[in-house]
Structures are given as structure tokens and as C-alpha cells.
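There are 2 protein chains.
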Amino acid sequence: MLTYDLEQRGNKTLYEYLYECIRSDILNGRLRPNEKLPSKRTLAKNMDISIKTVENAYEQLLVEGYVRAEEKRGYFVNGVEGREGFGKPSVGPAGGKTMAEQEKEEWFADFTSNYKVYEKFPFSTWAKIMRETLSYHDTELLEMVPTQGIYPLRREIAKHLYEFRGMEVSPQQIIVGAGTEYLYGRLIQLLGRDGIYALENPGYLKMTRLYKNHGLSYRYVDIDGQGICPDALRESGANVAHVSPGHHFPVGFVMPVTRRQELLEWAGEERGRYIIEDDYDSEFRLNAKPVPAMQTLDAEHRVIYLNTFARTLFPSVRIGYMVLPPKLLERYQETVSFYSCSVSAFEQYTLASFMEKGYFERHIRRVKLYYKEKRDELLGELKQSSLWGKCRMIEENAGTRFLLRVDTPLTDSQIKWCAGQRGLNLSCLSEYCRGQVDGMEGILLISYGDIPKERMKEAVKRLTAIFE
Amino acid sequence: MLTYDLEQRGNKTLYEYLYECIRSDILNGRLRPNEKLPSKRTLAKNMDISIKTVENAYEQLLVEGYVRAEEKRGYFVNGVEGREGFGKPSVGPAGGKTMAEQEKEEWFADFTSNYKVYEKFPFSTWAKIMRETLSYHDTELLEMVPTQGIYPLRREIAKHLYEFRGMEVSPQQIIVGAGTEYLYGRLIQLLGRDGIYALENPGYLKMTRLYKNHGLSYRYVDIDGQGICPDALRESGANVAHVSPGHHFPVGFVMPVTRRQELLEWAGEERGRYIIEDDYDSEFRLNAKPVPAMQTLDAEHRVIYLNTFARTLFPSVRIGYMVLPPKLLERYQETVSFYSCSVSAFEQYTLASFMEKGYFERHIRRVKLYYKEKRDELLGELKQSSLWGKCRMIEENAGTRFLLRVDTPLTDSQIKWCAGQRGLNLSCLSEYCRGQVDGMEGILLISYGDIPKERMKEAVKRLTAIFE
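Sequences listed follow chains A and B, in order. End of the first sequence sits at 468 in the working numbering; the numbers just go up one at a time, nothing left out. End of the second sequence sits at 468 in the working numbering; the numbers just go up one at a time, nothing left out.
What the hints contain is simulated information worked out from the structure, not anything from laboratory work. Any given hint might turn out to be false.
[Claimed, not checked] Under the rule of at most 20 Å between Cα atoms (straight-line distance), these lysine to any residue pairs were calculated in the SDA-like manner: (1) B:Lys159 <-> A:Gly65; (2) B:Lys212 <-> A:His214; (3) B:Lys40 <-> A:Glu132; (4) B:Lys45 <-> A:Glu132; (5) B:Lys212 <-> A:Arg186; (6) B:Lys461 <-> B:Cys418; (7) B:Lys206 <-> A:Phe338; (8) B:Lys357 <-> A:Phe338; (9) A:Lys212 <-> B:Asn213.
Throw the hints in and build the complete structure from the sequences for me.
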């Protein structure tokens, strides 16, 4: 009987993983041509997963021609030579790419990812609230949602921002949308296409692709230890600065108030200058008191605040929000409010209730604890290693990662290659830099959220071995 | 005790309507300053609504300063003179606009809307499947969704397109997103910003705003009785034609195959020419056999097919999809596939299951029947009226509306004004035209979905009176 270790599936969904296992067994010959696959029910029972999961995996194999379905008999493996004729029409090299081909490499330890933290999410509570939402709101859930999102959710977000980020904003200023990528799209339409956007260097690379895809002009502006440099910002000619004062990505520092004031001063110098405050990940900083958002200092209404729930809840939730200053809100109403709200009423009501009942706050506390424990485990191992004497930690309170400056003659590509040889996925700060990277080499980005407890010791041992 | 007739709430949600009723009673003095509002529980019980609904309405009144909350005593009406000092900071005229101010006018009969059809949606079935989805998939629902959407949903969409639109496409060609507006945004990034887009004239006005907001060049190209004119299209210099061959908006005709072929020929003449097939509303045509999609004729891979579930399910569901031809799919993978999928896993699994179990198909049949009944009622009344001798029906099988060409000396604005005086909301074809409207005047767009049965007779009487 087929059986696979579901613990090995990493970031994949159950059905994707199952599909890939069977596909690989067909390709490597473990499953032979014309062999019958177990019935969906049997396999589901055997592996303790839902029939639905097996069904989806079988369907995918069917569509791609690895198996065939014979009426009333079940699923059979196709011979390799027979495979060409099966399946839906090919759609070219990229479109025809199977999930298996798109899969990520398997690492012994992945120091670049904090994906698995979603496993801490209280799914049963969320499911309970979903059920309550269905009963409470009934057919109300079908009705058109106001373009900025339902009022109860915007009210809860306003409360959250007040309590956790020190922001006093009205629910009327809040716009809910299907993730921050979506909201950036709206924001760009609002700020106009003629602007020049300044991006932090080093910084969040995905942003570059987003601005590029929107056909916008952008400039990289170097950061120092405090954030984007105001003089460099002036020189860049940009009128919109995209910054992450609460939690710089990837470095992790908080922008001090003096630098925030300098940036606000820059914004006030000319009409049409704005600051986009990207507050992604700021919830997880480990120091006791979070720093208020930059928006709270914004007397001249130049700051647009953005954040997402995909990071604080779980990856598949597509809800983000932005807070507009009054003048932009007026322009929003005039120019882009004709769009429909892009998040379903059901999920908005569920989230509003989840927040209102205090579960959101509790969850954030729990996740911070999770990160703290992981970090302590990792640090414990690091301090006992010979690597500890050769490195220096940077931004150790950033919460989801820290930086490790290592004293080494190796280049960053050599470090990554050596890591890869040892089954470690590692990234370096220089990967997030544009242009000159002098002084940026030898700085490792250490995310610890996805490394299993039982592998921590060995992971640090392998990491240490790179620099020996 | 406060009590309001919830039947009168029209398109509003319960809490919005309740909020507006109370607010209006405060403004008109029925509720006096310092008067205590009933407790949430009592009002909920009295009106047979959930406490949550009352709570949301009270909260909104509180935020806007119409009432105040006194600890352990309850909610009290604020005096008008005292209102200025209350509530969250004002956010300017547009942002501060209350729901009441944004509300639509109340009509005796609205001939411009088919909104209420969502009341036919089998909500209890949907809710049941949502509950099943929660149990079946469990924490799988939290995981990152593939950028094009979950496979089972794309598989169901491919099946649906095969069965109802005659399209043979692979699930790999399908991209699921948070509504068509969202997908157009992606598509524009894919086709490039340098293109010139051709829009049907008359046509769907929202599209103009969308292209304008994206900073794109577009041209209006006149339609004749068959669709967009190929010669005019050539003259326009456009390279992307945005058309609705399955169900023209607002006219409602189907583009004949000859015209489809002419358009495909136009697309084949030059590299980089594409046709966007907007298939919105095509599901509800009343003739027995639906016409296959234009995409089915597309041998040269120039057609991009788009459709949405917001129209076929209910307005608050934000799920649309597009089908890319193979070459564009490759480009999609290279350039815009870095975006996260914008629809939550939960709603995707729910919809996939709803479709798989045949509910979607059944629902579409039911809605077609609903439209047919409404249309028969309306036609029955029209045929008995004196208006019938002065008008001619156009596109009577369009399903969700028909056109009525009336022999009248009145201009379209006079018609609309007279209709408004009689409590009728009416729109004319000329409103959807750009430039010259010769020969377009005197054509009424008659949507019948939102007119209650008991008002149909009177509505037709009032309509007739305009032209007497």
C-alpha cells in the first residue's frame, strides 16, 4: 500500500504533496505502468487524510496524464511512452510546468523563512467564529460591501491601531483591500503615475517588481543605521518615499524619532510629497513597548500607513488595509472609490469578530512568544559554538530574524554555496542591496521560525562548519 | 419603543438601515436630546434581529457623535448643538460623509438595476458547504495559495467553461483573482502600458475609468448591430480590443460568428494584437442554447477570456478569473506571477465544492427562470398598455434587460426627468454613448430584476404616462 510521510511536506498543501509523491514514484518506477492505485477511500484512511485530498491529488495526476481513470475499476498508472498522448493540451514550457517542477528545494534547515509560524494560528477559534458569522449575519453576507470595507472591521482596525500603534484615526480613513499588493495598485492610481518613488536600499525586493510592473519611476536611496538618508532622498528627486520605520526589512531596526522627523520635514518641503509607511512585521518586535507608528507624528498629513493580516494571521488570508490622510481620502473618494471592495463580506465580518473578541491580540502575543523561544534555542546553540567568537549580532530584538556579521574571508556567494552543500538555505544582506555593496558582505540574515527544535543543534553545527 | 420596518431597507445591510433610521429620528426630533435608547438586547428582541446588528448601528451612531455611551447606563441621544464636539476627528467633506448621505435615492420602481437577484442565491447550501470546507480542509485553509488559485477551483472552472461556453482550456491557463477589476490590473501589466485599448461605444462606462486610472491610452470604437466595427477598429490604431461578444453591455446582443471572425482576422494581422473577451452576464441569456465563447474560434491565441462570479453568485463574493492563451501564460509566469493570489483559500475551496456538486449550474438555471418570470410579468403589463403601440423591443432574449425604442418627441433628458417625477429610475442608451448620439435617442434600457411583482402594474402605468 502506498504511504508517504506527510511530515516532510514543508510548505506544500496536503494534496500537492501527495500528488508529488505519487508522481515521483511513477517517474522513478516504484509504481509500474498499468499498476492500480489504491481507491481514494482506502488511501485516505491509510494516511489519515480526507478523501477530498486524495481526490485532488489523483485529479491532478489524471489531468497531467500520469494516471488514467477506468470506469468502475479505478485509477491506473500510465506507461511513460504512453504519456504524451494523455492529458489536456500542452500550454507551453511555463504554463505546462507541473507543481513538482515549481517546488522548492528541500533543506535540512532553512534560515531564510518564517513561513511555518501560521501553524500557531488558533484555527479552531477562527473556524468557530466563521460558523458564528454564518449564523449571525445570514444573507447579509451576500450583499454588496462598501468600497472601503465593512464598517465593523474598519472600527476594529482603528481600535487596534490606537492601542498598538498609538494612531488616532477614524474608521472613515481606513481602506480594506485584498492584500497590500492590491492596495499599492490603488495607491499608485491615487498618487498619480508621474511621481518618482524612493525605495530603501537595502530593502524589500518585491516592491521593485511591483513599481516596475506598474511602469513607474523609482530610485534606490541608501539607508544608514537609522533608515533612509534625508539628503540622499532630496538628491534622488523622488516625491514619494516608501519606508518601513517600524521594522526595516531585512535589517530589522526601528527608525529613531529624529530620522522620522527629518523625513516628515522633507515631505513638508514641497507639495505632493508623501511617505508610505509600510508597517509589515512590526507587530513581532521583541522589546516590551512597541514604538508608535510614524503616522502619529504626521501633522501635515503626508503619511499613508499600510499593513496586512497575511503576516499576523495566516498566509492564505488576503486582507490588508491602508490609512489615508484626510486630503488623500477626498481624492480617493473622487477618483478610485468606484472600484468594488476586493475582500468578501464573510471574511471581513469574521475578522472583525476575531479582533473584537480579543483573539487577534492574544494571537500576536502567542506568536511573539513562539519567536522568542525559537530565538533563545538558536542563541543557546550559537553561544556554545566556535562561530560565536567570530561573529556579532545585529538587531537582536527584531523578532522574526536577526543579522549576524561574520568575520570571514569568504565572499557571500561562497558562503551561500558552502551552506547549500550542507543542506542549509541561507541569505545574505548583500542580496537585498542595489549597486555597491562595500561593507555589506559577510552579514547573514538569520530567520529562525521554520527550523524544527530537534534540528537546531545540528543546523548550528553545520553553520559553524562553513566558517571553520 | 423604537421600531422600524426592515422590509424598507432595500439594498442596505440591516445595521446600515437601522443606523440610518435612528439617525434620521434624531435629526427630525422624534428622538429627543438626552433620551435613552433601548438596550441592545431589548431592541434586538423587539425587532427580531441579532444583538450584533444593533451593536453595529449604535457604534456607528456613537462614532459619528449622534449618541453617547454612559457607563452602565446605556446609550443617550446627543443634542444637536452638542454634536460638534463628539466623535472621531473629522476627515474632510468626503471622508466624513455618513452612510446616510451616500445612500441612493428611493424609487417606486428602478428600471436600471438587477441587484436583488442575489436574493435567489441558495445561501443555506452555500453556508452548508462553507461548514463542510472548514471540516474537510481544516488547517490546510491557512496555507499559502498558489498564485493562480487553488487547483480544484481552476479544474471546476475549466469544466464549467467546457460545458457552458464550449471552451477547451487547461486549468493551468486559468488565473483566479479578487474580481475582474483586479484581474484587469494584472492584465494591463501583462500586455504592457504602451498599448492602445479599444472600447465599445456604447459600452460599459466603468471600463473607461479603469483604463484612465491606469494611465492608459484608449479609443472609443462605434458598434453597429453586430458589435465593434473592424474597419473602425483598424482606423483607431488600437492593438487591444475590449469586447463583449457573448452579451453586449448595455445593448444585450450576441456578436455573430462572421463578426467574430473579422475581429480575429484583425488580431492576426499584426504582432501584439489581442482581444479581451469580457463574458460578463452571458450566463443569463434566455435562448435555449448559449453561443460558444469567442475564445473557441481563436486559433492564433489572441483571445483573453474574463468572467466573474460576483454576478452569477452574489455581489459580495470577490472572485473572478481569466483564461490566458499559452504565449501570454508564459509571459505571465515570467512577469506577474510573483503576486500572491488575492482570493482566500477558504472561499476558493467553498466555490470549488459548490461547483463540483452541481449547485452552481442549478443556481444559474434558477436565476434564468427568475429573469424570465419577471420579464413575462413586465411584458404582460406592457402589452396591455397604450405604450405598446408606440415602441419596439430590441434584444428581448438578452435575459437581464431589454431595450425599448419609443416613438416620442421627448429628448432623453426629458424622459428621465419625467420618469423621476413619477418615482421611476430610468436610463437611456445614449448615456452609454460617447460623441455623436444621432439615432440613439429614445431608446430605454429596461432592467426588470428589482421591480417587485406587486408594483409592476403601477410601474408600467407610470412609464406609459411619460409618453402620453
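Check: Does glutamate 132 of chain A lie within 20 Å of lysine 45 of chain B when you go C-alpha to C-alpha?
Finding: Between lysine 45 of chain B and glutamate 132 of chain A the Cα gap is close to 18 Å, so the pair holds against 20 Å.
Notebook entry, point to check: lysine 357 of chain B and phenylalanine 338 of chain A: Cα distance at most 20 Å?
Noted result: violated (35 Å)
Notebook entry, point to check: lysine 212 of chain A and asparagine 213 of chain B: Cα distance at most 20 Å?
Noted result: Roughly 17 Å separates the two Cα atoms, so the pair holds.
Item checked: Hinted pair lysine 40 of chain B and glutamate 132 of chain A, Cα distance within 20 Å -> holds (19 Å)
Item checked: Hint consistency between lysine 206 of chain B and phenylalanine 338 of chain A [alpha-carbon to alpha-carbon, up to 20 Å] -> Judged against 20 Å, a Cα distance of about 8 Å means the pair holds.
Check: Does cysteine 418 of chain B lie within 20 Å of lysine 461 of chain B when you go C-alpha to C-alpha?
Finding: Cα-Cα ~13 Å, so holds.
Notebook entry, point to check: Do the alpha carbons of lysine 159 of chain B and glycine 65 of chain A lie within 20 Å of each other, as the hint requires?
Noted result: Holds, because 17 Å separates the two Cα atoms, which is no more than 20 Å.
Notebook entry, point to check: Keeping to a limit of 20 Å between CA atoms, is the pair of lysine 212 of chain B and arginine 186 of chain A held or broken?
Noted result: holds (13 Å)
Notebook entry, point to check: Given the proposed pairing of lysine 212 of chain B with histidine 214 of chain A, does the C-alpha separation stay at or below 20 Å?
Noted result: With a Cα-Cα distance of about 14 Å, the restraint between lysine 212 of chain B and histidine 214 of chain A holds, given a limit of 20 Å.
The structure shown violates just one earlier hint, number 8.
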